[in-house]
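Numbering (my numbering), first residue to last: 289 to 512.
It is possible that some hints are incorrect.
As the list claims (entries may be wrong) - Cut-off 27 Å, straight-line C-alpha distance, at most; resulting in silico cross-link-like pairs (DSSO-like, lysine-lysine):
#1 Lys389 <-> Lys414
#2 Lys487 <-> Lys414
#3 Lys414 <-> Lys402
#4 Lys389 <-> Lys482
#5 Lys402 <-> Lys389
Please keep in mind that the hints were generated in silico from the structure rather than gathered at the bench.
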Amino acid sequence: MRVNIIQHTPNERPGLILDWTQNHQHQVGIYHPYQFQGVLPTAAETDLLIILGGPMSPNDHFSWLENERQLIQTLLYLRRPIFGVCLGAQQIVKTLGGTIKAAPVKEVGWAPVKLENQIIPNLPAKMSVLHWHQDTFSIPTGAIRLFSSELVPHQGFLYRHNVLGLQFHLEVASLNIREMLINDGSYLNGSAFKTSCQKILSQPVPPINQRVLFQLLDFICANN
């Protein structure tokens with residue numbers, strides 16, 4: 289399988305997603321449209337599209353963001369699996385006609401999310417995850433809400449069993465979190481969690497997060 293990953297900023301990397309691709313011996317391509325003249329994969333060479341987070345908004349006027357949504361639209365038509373994280377999930381929502389707006393509060397740091405639907409079996413009822421956002425999305429028409437948090441109710445969705453978006457970050461390993469904090473630690477200012485870089489780093493990544501990430505990726509690929 290050819291897995292194409294769109295990375296929107298240097299310090300929000302694929303992380304544990306690459307472990308999953310290696311376990312399955314998938315071929316991986318990583319694209320950086322924000323830096324390299326909007327270069328994106330084609331639909332023809334994409335069996336699974338993964339769209340990572342970033343500081344942009346789908347409401348920003350960058351031509352490559354629009355081109356990215358055109359790619360998503362084509363893959364939706366072809367019924368290829370798509371997995372979006374944070375900005376990536378918002379891009380999917382905007383493509384499906386949903387809205388992106390400021391969240392009720394800014395969520396940055398560790399906090400729990402709750403499972404809202406058991407359509408994907410054997411997921412935990414609650415888990416602690418890394419949040420890094422101040423926007424939120426609507427749940428697209430025809431999609432199922434999968435996760436919520438106490439402060440921001442729309443944290444994840446499943447569409448047609450093979451398209452999944454998460455507002456939070458399951459893909460991060462400890463090194464990825466350290467890189468995010470080194471380069472963008474000021475983003476913690478104004479977080480509803482009133483946390484610090486030290487507090488975030490002191491909490492190890494829960495092993496269950498990797499298991500859930502792998503399970504979600506396996507699910508959308510099996511339902512292609």
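Going through the hints against the structure:
no.: 1; hint: Lys389 <-> Lys414; in the structure: holds (25 Å)
no.: 2; hint: Lys487 <-> Lys414; in the structure: holds (21 Å)
no.: 3; hint: Lys414 <-> Lys402; in the structure: holds (5 Å)
no.: 4; hint: Lys389 <-> Lys482; in the structure: holds (22 Å)
no.: 5; hint: Lys402 <-> Lys389; in the structure: holds (22 Å)
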